[in-house]
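If you read the sequences in order, they're chains A and B. Using the working numbering, the first residue of the first sequence is number 1, and each one after it goes up by one. Using the working numbering, the first residue of the second sequence is number 1001, and each one after it goes up by one.
Don't read these hints as lab results, they were simulated from the structure. Be careful, since some hints might not be right.
What the hints assert, rightly or not - With a cut-off of at most 27 Å between alpha-carbon atoms, the simulated BS3-like pairs for lysine-lysine come out as follows:
id, chain 1, residue 1, chain 2, residue 2
1, B, K1168, A, K95
2, A, K125, A, K229
3, A, K188, A, K86
4, A, K125, B, K1168
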Amino acid sequence: MTTNTTAGTTAGVLGRTGDGAGAPVVLQALSRSFGTVRALTGLSLDIAPGELVALLGPSGCGKTTALRIVAGFETADSGLVTVDGKDVSPVPAAKRDMGMVFQSYSLFPNMTAIENVGFGLRMRKQRSAQRTKRAGELLEMVGLSPQARQYPHQLSGGQQQRVALARALAIEPRVLLLDEPLSALDAKVRLQLREQIRALQQRLGTTTLFVTHDQEEALSMADRVGVMKDGKLEQIATPGELYARPATTFVAEFVGTMNRLPGDYQGGDQVSVLGTVVPLLGEPPELAGEVDVLIRPEGLTIEAVPGGNGIVTDRTFLGSFTRVSVRLSGDVAVKVDKTSTGAASLVPGTSVQIGVPGDEPVLVAPRS
Amino acid sequence: MAAIASAEESGTQIPVPAARKVTRRRSLPVWRWAILLIAAAYFLIPLYAALRFAGFKAFTQVVGYQDFGSAFVLSLRLALIATVLTLALMVPTTVYVHLRLPQIRRVMEAITILPIVIPPIVLIIGVLKVAPGFLLGSANLLGLEYVILAMPFAYWSLDAGLRSFDAKTLVEASNSLGAGWPTTLWRVVIPNLRTAMLSATVLTVALVLGEYTMASLDNFQTFPVWIVNFEQNSGPVSVAASLLALLVTWILLMLIVTVGSRSARRHGTGQVQLFSISTQSASRIIGEPE
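Can you make the complete structure from the sequences, with help from the hints?
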């Protein structure tokens, strides 16, 4: 578990009186059904104080339901949510002290940016002058002081979400909940805001639960990423571990790009693929014979060789490296990453030899 | 952080839609003007004819006639009662249905259409059957009947208003910031429903000022009833009275719309228009940048 060492160091910005760290949050065996649809089937998750955990998964995997249960907008059929060790189920959303940023623009259209940010403070009966001062500080923190007196419709989408973030943080929430806050924004703004949210979260040390279907977002922002499928966690790990050591084939293929290569598995802890014997990752599967071996594009080697085992069909320049698409015999398409200088000669139609180094452990899956 | 802010502003500041508007106006086809002219002629020629028939003198006579003042005041009073009650009943109901019971919206739509479908005489008999004794024979009872008549218009205006913004998310945002239900309704929902509430008001007032059947069946001399009773005496004067009624209603509605628009503009929530399809919400619906 990664704990945030920067937590609380600059929390003084918000005038916190405590240690500045967020509260630990525990989700215990949460289940929730909507009619016949089972949105959550026993989700358990521990979030350390000050940690940012992302829930990642395809739409309908239950990640938003989980977030809404923590926020108090939904109730779980069974299971428990505790904050700071206390069960929050009987506490209504308005009294949970959780800041939330929504996917859709959620600023109050009838209030200016600064009034929006001050709304939560007003609900906490703060005096007008004090409220305006603190709301102003928060707007400054998200870089929007000049827009303080503007109404939401006068702000761009990115600016609106920054105001929404300032508004959520203004109440010094014990937990910050982010429900795909970037998905309505265009790519460039998304990238900037991603960094800004992460920087702020680390600075304030607020325990944060972040829901997204965008793996890049999850991997780049979170301390740990929980991959969800069918209402349960498939795996929760640091981004690096998730990428390098996926626990299941679902995680392997959902996170990053993954090739499926035909292999031969005869039990034990090794599998044969492209003529190389490779160690297996994790427990030996209950499979035998023809399997698919999962290997990432950077896990394959490529060499221009006359009469090789594949033909280059396409290539995509991605800056420092180039992703080369190759058709292997047996009509298997794979993608291989190669440094862009090395890939210069690999024009479509080139005969290449694709190989597996054999030192990185791999996952196997039933032949699809 | 400042760098982030300025970079984003330069990149994604709201586009100026001027260029698009110009091309749209230029490409306005001729037939649109034709339709506009035909419609204008259809509405304006009868008015002009009435004006010619009545003559200027008739207008000065109308105001001096017996019962004009009392009928006019009664109509205004009924408009006030009906508007206040309609809003008080329909705003919480519509908001509740929209947010908490969206599945019964269809049922609500069906119910709100009933006052239009059911003949006024049936409504009146129904009201008379259930009305408490102290209301019988009072003009206030007519006000209650108008609340029923205004229900469809109020519901549709408010429903359209609630659809023009993401009420559910705003309510959740307000909740998460610590606001309970009454505060959320008062500070978040109602301010954003202002336009729709003004539409509902305009429609209710227009309805009450023009309603004849119920008032006449209930034997109250409201303004429209007065005009009809009057007709028997003098042709030109009664036509002048009708035009005056039209004018008064129009002025009243313009007043409401102007006042409403001004306050809405100040809060950036767009123009007050019937059924609250403001340019802002319309562009949101069709997904244009605002």
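Results of checking the hints against the structure:
| no. | hint | result |
| --- | --- | --- |
| 1 | K1168(B) x K95(A) | holds, 18 Å |
| 2 | K125(A) x K229(A) | violated, 42 Å |
| 3 | K188(A) x K86(A) | violated, 40 Å |
| 4 | K125(A) x K1168(B) | holds, 24 Å |
Hints 2 and 3 from the list above are not met by this structure, while the remaining hints are.
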